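Novice: Protein chains in written order, with my numbering: chain A, 1 to 217; chain B, 1 to 136.
Don't read these hints as lab results, they were simulated from the structure.
Heads up, some of the hints might be wrong.
[Unchecked claim] Pairwise CB distance ranges (calculated):
#1 B:Ser97 <-> A:Ile30: 42 to 48 Å
#2 A:Thr47 <-> B:Asp35: 57 to 63 Å
#3 A:Lys158 <-> B:Asp35: 37 to 43 Å
#4 B:Lys133 <-> A:Gln203: 47 to 53 Å
#5 A:Lys106 <-> B:Gln19: 45 to 51 Å
#6 A:Val175 <-> B:Asn134: 33 to 39 Å
Computed from a prediction, not measured in an experiment: that's the story for all the values here.
Every residue gets a Cβ at the ideal spot worked out from N, C-alpha and C, and that includes glycine.
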Amino acid sequence: MKYHYTFTCTFLLATILFLSSCKENRTLPIYGLRETKDVKNSDGTTTVDTVYQTIPNFSFLNQDSLAVTNDHFKGKVYVADFFFTSCTSICPVMHRNLKTVYDKFKDNNEVMFLSHSIDFKYDTPSVLKKYAEKLGVDGPKWQFVNGTKDSIYTIAEKSYLVAVGQDSTNRDGFVHQGYLVLVDKDRRIRGAYDGTDAAQVAQLEKDIPVLLAEEKK
Amino acid sequence: MILLSLFSLTLAGIFYSCQTAEKIQQDAYYVNGRDIYIAQCQNCHGERGEGLGGLTPPLTDSVFMKTNKNQLACIIKNGMSATVTVHGKVYEGKMPSFNMADIDVAQVIVYITNAFGHQQGMYTNEQVAADLKNCK
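Go ahead and model the full structure; you've got the sequences and the hints to work with.
Specialist: Pasting the structure below:
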């Protein structure tokens, strides 16, 4: 009888532990370089604070020929990527996948999308506008932007950590990585997903609500 | 009696499992064509030939595929910059050219004209070679 009691107790405890361990309490990692900074507290002591890599100030022209700056993404999480409209390799499938994410968060105005063109000569705002319309995107939620070669290529490699470049040996003239970069409200990189891989894009769909929930706390 | 019925059953089995040489060749073209399609075409035209919004036309318009069948080889090999109407919708983008051997073009054509709800049968590399002489 005593054994029976112990067994029941153990079983109950195990069940409770097992069930409570299932609770999802996930946070996304913070990517990029980080450094430390000594901070003086009000009482005279100093503590060490971490400074994370952030997306710097930018200003690009969008598909409506309007300047897009960081202010447009204030208080929002956004997905950034790099493409060009005449691309025949990975861009179509990247944007096919990103469009499904866009459709899913269409009514959530805390989520935005930012596609940078790396074809600084050809992809003028009117070309980008046509591209957006054909993709089925309307309104300011998904911005397609164009800037000088230097500004786009620098922000890609230094800030979003996506490799881009001009390549005369490539048939399309440009090469780039297909990452979809998830940026939080504090301009920090919280995820990078291969836009050509449906499984990773599905993960992005799951991670956006996690990030939104975290920022509500 | 049992022997007889067994015999006739076997005969019927042989009869139904039998495929013509042409059908076997078509299946081989179809399978190879699918591999080429996945590698070269699927990015834009999609896994199910559904196209991409207003950017890339779908390959699911059976009437288009039938009436333009002898132009498919030219479109694949030389690309396309003219506007095209598919399913009643006008597409004006540019399709790049694909440098493929005639047999690869034939295999892709067999795949795209027999997948996505089409059933147009075999297309040989001789037909492709003839088509390529008459490109618009």
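Novice: All hints are to be evaluated individually against the structure, with a verdict given for each.
Specialist: The hints, checked one at a time:
1. B:Ser97 <-> A:Ile30: 42 to 48 Å: holds, 45 Å
2. A:Thr47 <-> B:Asp35: 57 to 63 Å: Since Thr47 (chain A) and Asp35 (chain B) have Cβ atoms about 60 Å apart, the given range 57 to 63 Å holds.
3. A:Lys158 <-> B:Asp35: 37 to 43 Å: Check passed, 39 Å falls within 37 to 43 Å.
4. B:Lys133 <-> A:Gln203: 47 to 53 Å: holds, 50 Å
5. A:Lys106 <-> B:Gln19: 45 to 51 Å: holds, 49 Å
6. A:Val175 <-> B:Asn134: 33 to 39 Å: holds, 36 Å
Of the numbered hints stated above, none is contradicted by the structure.
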